[in-house]
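Engineer: Here's the letter readout for the chains.
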Amino acid sequence: DTAVSQTPKYLVTQMGNDKSIKCEQNLGHDTMYWYKQDSKKFLKIMFSYNNKELIINETVPNRFSPKSPDKAHLNLHINSLELGDSAVYFCASSLLGQGRANEQFFGPGTRLTVL
Amino acid sequence: AQKVTQAQTEISVVEKEDVTLDCVYETRDTTYYLFWYKQPPSGELVFLIRRNSFDEQNEISGRYSWNFQKSTSSFNFTITASQVVDSAVYFCALSERWTSGGYNKLIFGAGTRLAVHP
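Protein sequence lines, in the order shown, are assigned to chains A and B.
What the first sequence shows, in the numbering used here, is residues 444 to 558, in sequence order.
What the second sequence shows, in the numbering used here, is residues 9 to 126, in sequence order.
Hints are computed from structural coordinates only; laboratory data are not their basis.
Just so you know, not all the hints are guaranteed correct.
Said to hold, decoys possible - Going by beta-carbon spacing under 7 Å, a handful of chain A positions derived as facing chain B: (1) 485; (2) 486; (3) 495; (4) 499; (5) 504; (6) 539; (7) 544; (8) 546; (9) 549; (10) 552.
C-beta: ideal position from N, C-alpha, C; glycine also.
Produce the complete structure using the sequences and hints provided.
Structural biologist: What follows is the structure in structure tokens.
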């Protein structure tokens, strides 16, 4: 029944490591997103894919690389992790909807802690 | 420039009080969308409402109501007879047209933390 799922829920790792977060949606949506929520709860979009094509790419270090194998999956790979990458990462999905903004459905979040 | 301002960082009320969460936005577009999301202590983000810029009719859903005023660029959210389960961080967000022609880029405000005490 889970609409947008993310794995893992928690990720604790050392600085310099490479890690991935996976996201899957079963809502039949064509667009997926990655958001970062920092320690002050501020939410900011990082990337968006529509039908496996990158359509939003905010000012994010190129250590972050999203990959969308199909429109139901959007993974986030992070190289050379830094302390400042510690945050909660949310995946979301929606229908793109030309000429309108559809609501985005969010996953449960992945709390990344870099030591 | 910050486009969505939620000036109230934290609000504390006692159960059954009414509470209004303020949201002021800034945009040069004539067509845009506004959203409210709730983030309870469990951490997930829950969609509450979407409003487009051409629909200024206020909306009520149970104890929740929203007041959209284009003249003051505000989209305020009122909870009537608050309950402990309303305790959460509430986010207002703006979606305006951007380069690809879509409206799917959400810009969030900083959030308002609401604590409802018994």
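Engineer: A separate judgement is required for each hint: does it hold in the structure or not?
Structural biologist: Evaluation of the provided hints:
This hint holds: residue 485(A) has a C-beta 6 Å from the nearest C-beta of chain B, less than the 7 Å allowed. Taking 7 Å as the C-beta contact cut-off toward chain B, the hint placing residue 486(A) at the interface holds, the least distance being around 4 Å. Taking 7 Å as the C-beta cut-off, the interface hint given for residue 495(A) is violated, the closest approach to chain B being about 15 Å. Here the hint on residue 499(A) is kept, as its CB sits about 6 Å from the closest CB of chain B, short of 7 Å.
The interface hint given for residue 504(A) is violated, since its Cβ lies 19 Å from the closest Cβ of chain B, which is over the 7 Å cut-off. Among the interface hints, the one on residue 539(A) holds; its C-beta lies about 6 Å from the nearest C-beta in chain B, closer than the 7 Å criterion. The beta carbon of residue 544(A) is positioned within 7 Å of a beta carbon in chain B (closest approach about 4 Å), and the interface hint is therefore held. Nearest Cβ of chain B to the Cβ of residue 546(A): about 5 Å, under the 7 Å cut. The hint holds.
A least Cβ separation of about 4 Å between residue 549(A) and chain B falls short of the 7 Å threshold, and the interface hint therefore holds. For residue 552(A), the shortest C-beta to C-beta distance to chain B is roughly 5 Å, which falls under 7 Å, so the interface hint holds.
In this structure, the earlier hints numbered 3, 5 are contradicted, and the remaining ones agree with it.
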